[in-house]
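These are the residues of each chain, in order.
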Amino acid sequence: MKLNLFVSILILISFECNADIDVKKIAGDLSKDYKDETLWKMASPDQVINLMGQPMVAPKPKNTETSLINVTAVHDGKWIVFRMKWKDSEVSESEKLATFSDAVALQFPIKNNEVPPPIMMGGKDDPVHLFHWKYQYQVDAKKGKKTIDQIYPNMTADMYPMDFKQKGNFKEASKDQKESFVGGTAAGNPQSFPKSGVDEIFAEGFGSSAVSDSHLAQGYGEWNNGEWTAYIARPLIYENGSKLLIGKKSHVAFAVWQGGKKEIGAIKSLTMMWTPFNILEK
Amino acid sequence: MAKVKNWQINREMDYPYDENRPKKQWAIVFDLNKCIACQTCTLACKTTWTSGKGQEYMFWNNVETKPYGSYPLAWDVKVLERLGHQEWEKKKPYYGKTIFEAAESHERAAHFAPEDQDWMYPNHGEDDCAGQVNKGDYISLQHDKWFFYLPRTCAHCTYPACLAACPRKAIYKRQEDGVVLIDQSRCKGYGECVKACPYKKSMYNAHSRISEKCIGCYPFVEQGYQPRCVTNCIGKIRIMGFINPPWKSRGSNPVDYLVHKTGLALPYYPQLGLEPNIYYIPPIHADREYLTQMFGPNVDSAIETYRKLKDDPIAQGLLVLMGSTDRIIHDFNVKNGFAYAYDEKGDEIINVPVTEQIYSRPAFDEKYGTSRNNTP
Chain A
1 MKLNLFVSIL
11 ILISFECNAD
21 IDVKKIAGDL
31 SKDYKDETLW
41 KMASPDQVIN
51 LMGQPMVAPK
61 PKNTETSLIN
71 VTAVHDGKWI
81 VFRMKWKDSE
91 VSESEKLATF
101 SDAVALQFPI
111 KNNEVPPPIM
121 MGGKDDPVHL
131 FHWKYQYQVD
141 AKKGKKTIDQ
151 IYPNMTADMY
161 PMDFKQKGNF
171 KEASKDQKES
181 FVGGTAAGNP
191 QSFPKSGVDE
201 IFAEGFGSSA
211 VSDSHLAQGY
221 GEWNNGEWTA
231 YIARPLIYEN
241 GSKLLIGKKS
251 HVAFAVWQGG
261 KKEIGAIKSL
271 TMMWTPFNIL
281 EK
Chain B
1 MAKVKNWQIN
11 REMDYPYDEN
21 RPKKQWAIVF
31 DLNKCIACQT
41 CTLACKTTWT
51 SGKGQEYMFW
61 NNVETKPYGS
71 YPLAWDVKVL
81 ERLGHQEWEK
91 KKPYYGKTIF
101 EAAESHERAA
111 HFAPEDQDWM
121 YPNHGEDDCA
131 GQVNKGDYIS
141 LQHDKWFFYL
151 PRTCAHCTYP
161 ACLAACPRKA
171 IYKRQEDGVV
181 LIDQSRCKGY
191 GECVKACPYK
201 KSMYNAHSRI
211 SEKCIGCYPF
221 VEQGYQPRCV
231 TNCIGKIRIM
241 GFINPPWKSR
251 GSNPVDYLVH
261 KTGLALPYYP
271 QLGLEPNIYY
281 IPPIHADREY
291 LTQMFGPNVD
301 SAIETYRKLK
311 DDPIAQGLLV
321 LMGSTDRIIH
331 DFNVKNGFAY
341 AYDEKGDEII
351 NVPVTEQIYS
361 RPAFDEKYGT
371 SRNNTP
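Just so you know, the sequences run in chain order A and B.
Residues in the first sequence are numbered consecutively from 1, following our numbering.
Residues in the second sequence are numbered consecutively from 1, following our numbering.
For the record, the hints were derived by calculation from the structure and aren't laboratory data.
Check before you lean on any hint, since a few could be wrong.
For lysine-lysine, the following DSS-like pairs were computed, each having C-alpha atoms within a straight-line distance of at most 27 Å [said to hold, decoys possible]: (1) K5(B) - K262(A); (2) K62(A) - K169(B); (3) K3(B) - K60(A); (4) K124(A) - K248(A); (5) K261(A) - K78(B); (6) K46(B) - K171(A); (7) K262(A) - K169(B).
Just a few of them, taken from the derived set where beta-carbon distance is under 7 Å, the chain A residues facing chain B [to be verified]: (8) K60; (9) K96; (10) I151; (11) A157; (12) P161; (13) G183; (14) Q191; (15) P194.
Each residue gets a CB set at the ideal place from its N, CA and C atoms; glycine is no exception.
Just chain A, with the same shape it has in the complex (with noise of 0.2 Å):
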């Protein structure tokens, strides 16, 4: 009960807003080329978001641990590219067990409504559609997927299921053979798979978040004297997901990860107020 009036609350004040960002269109294709500096020089200035620990549900951080993001954003007719900014002491990439990956993500609400969804998550019938960000999947998209042996250099291990270190006179098992062991990879879980750096994910409230099959929107993060500068770029239109309006007003709300703090999950930096948007035709 205490819980429902909490979240009725949060409904409320979350339709109380940051400061607009005004998202200008620039010449170029912005599905290509998204972080040359000069192009940022054209964007409005960064707005300072105010971030704070996710406090509604356990697990929760114990502290807030990043409080700011400063955020400008530009579009050129079909894409837009938010840029994020915030302050992390060390680059953190979730490889190691209990290591934990440097994240960013965005979230929009599905349906145009005057009032956007609960601004966790969203709620039933009220869905969003997230753009999360992570330095690991950027060292996928670079590297490849790191591999055991990777990162366990020293550990061994006598053979795996259908793989075997002498080659034989047999045939060789095929890739999913042996990743059929796998369980993660044999039931299909997305998180299981090499990523390409941004995942799309619809979500109607906590503990509800479903990755989508999209593979459209991109992602970039450079990490420089203690701070990270992300991009995160996707489609103004998702015929299936938000559609992001020229010459209208949006919403949009920021989740920030610090893998080195532990962070991950619901343990996150959150914006508790959307923070609008306009399009501008110019």
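Based on the hints, put chain B in the right spot on chain A.
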């Protein structure tokens, strides 16, 4: 938090979900007086379920030497430390806090997170004895130098902390047998289950990037067979069956008999509040205070009962049925010096003599013209 009945601590306790007991509850009983830490169970499990990539370090079944052995490192000490000092008076409910009740607002259960290195020493403390054995020492009973072996699988708890902690609701408890599973298609590898399970039986796979755990050999169980770690136990120290809560206990059910009727077998760390479903006949020569901490205040009566086994032909019969069949025994009976095991339909699976007959034969076999030896 809902209020749920936990019979092991004999009171209601807080749990994030309502009480929802399965139709049948998977359970294993281990006789710790017989375990020799041969690790055959560990290897049977390893070769069956965890020989894949990312599972190199995993032992869904492990055997550790107590008090010093632990896998992952110091799992028991750390969870007890996290829980803090708690009291449990004999013949009274446990009024201390469970890990759900001791949880802080940021967590579902009072937990600790093992680090990478904590998983890397499965043999840590093996055969290490509590106390120093000095030159000239000799054994007297009770031993003041002691250790015992503790084989462990997932306890497929009635109130699993892994399930409670999963923010994705990717962990579920099966109605048909009470086995707790991680949905391999939904898990996102957040590791909340790894942190929350006080027994540390959820494990993260760095290859598949999601978590995994003991599956109770459910494909065997569905066919009426006991898990691999049970059927491969060369010491015949284990029996897997289905336990009822005490208010539905049946004396002819082997697990109910050992746990409820005789009180021979006890859950481990019941004070944590998970109602774990692996049960131990405690070792009779280990330190009693340590055993009380691990098995609760009923450990004295369990050991007393074990010492009087010679006067209980029914329990004797049941103990010889352990390891005598790979099928799941739903009912048993002991009569005329034989122990009988029955399946779910009531059909006999096997019968074994409670006491092996002794045969005396001449040392030289006239018929075959050869000497006999004593090899059975």
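Taking the hints in turn, this is what the structure says about them:
1. K5(B) - K262(A): Violated, because 34 Å separates the two Cα atoms, which is more than 27 Å.
2. K62(A) - K169(B): holds, 22 Å
3. K3(B) - K60(A): Cα-Cα ~23 Å, so holds.
4. K124(A) - K248(A): Given that 27 Å is the threshold and the Cα spacing comes to 25 Å, the pair holds.
5. K261(A) - K78(B): Distance ~21 Å between K261(A) and K78(B) Cα, so the pair holds.
6. K46(B) - K171(A): holds, 25 Å
7. K262(A) - K169(B): The hint holds at about 20 Å.
8. K60: holds, 4 Å
9. K96: holds, 5 Å
10. I151: The hint holds - I151(A) has a Cβ within 7 Å of chain B, the shortest such distance being about 6 Å.
11. A157: A157(A) check passes; min Cβ-Cβ to chain B is 5 Å, inside 7 Å.
12. P161: OK, holds: P161(A) within 7 Å of chain B, min 6 Å.
13. G183: holds, 4 Å
14. Q191: It holds, given that the least Cβ distance between Q191(A) and chain B is near 5 Å, below 7 Å.
15. P194: violated, 10 Å
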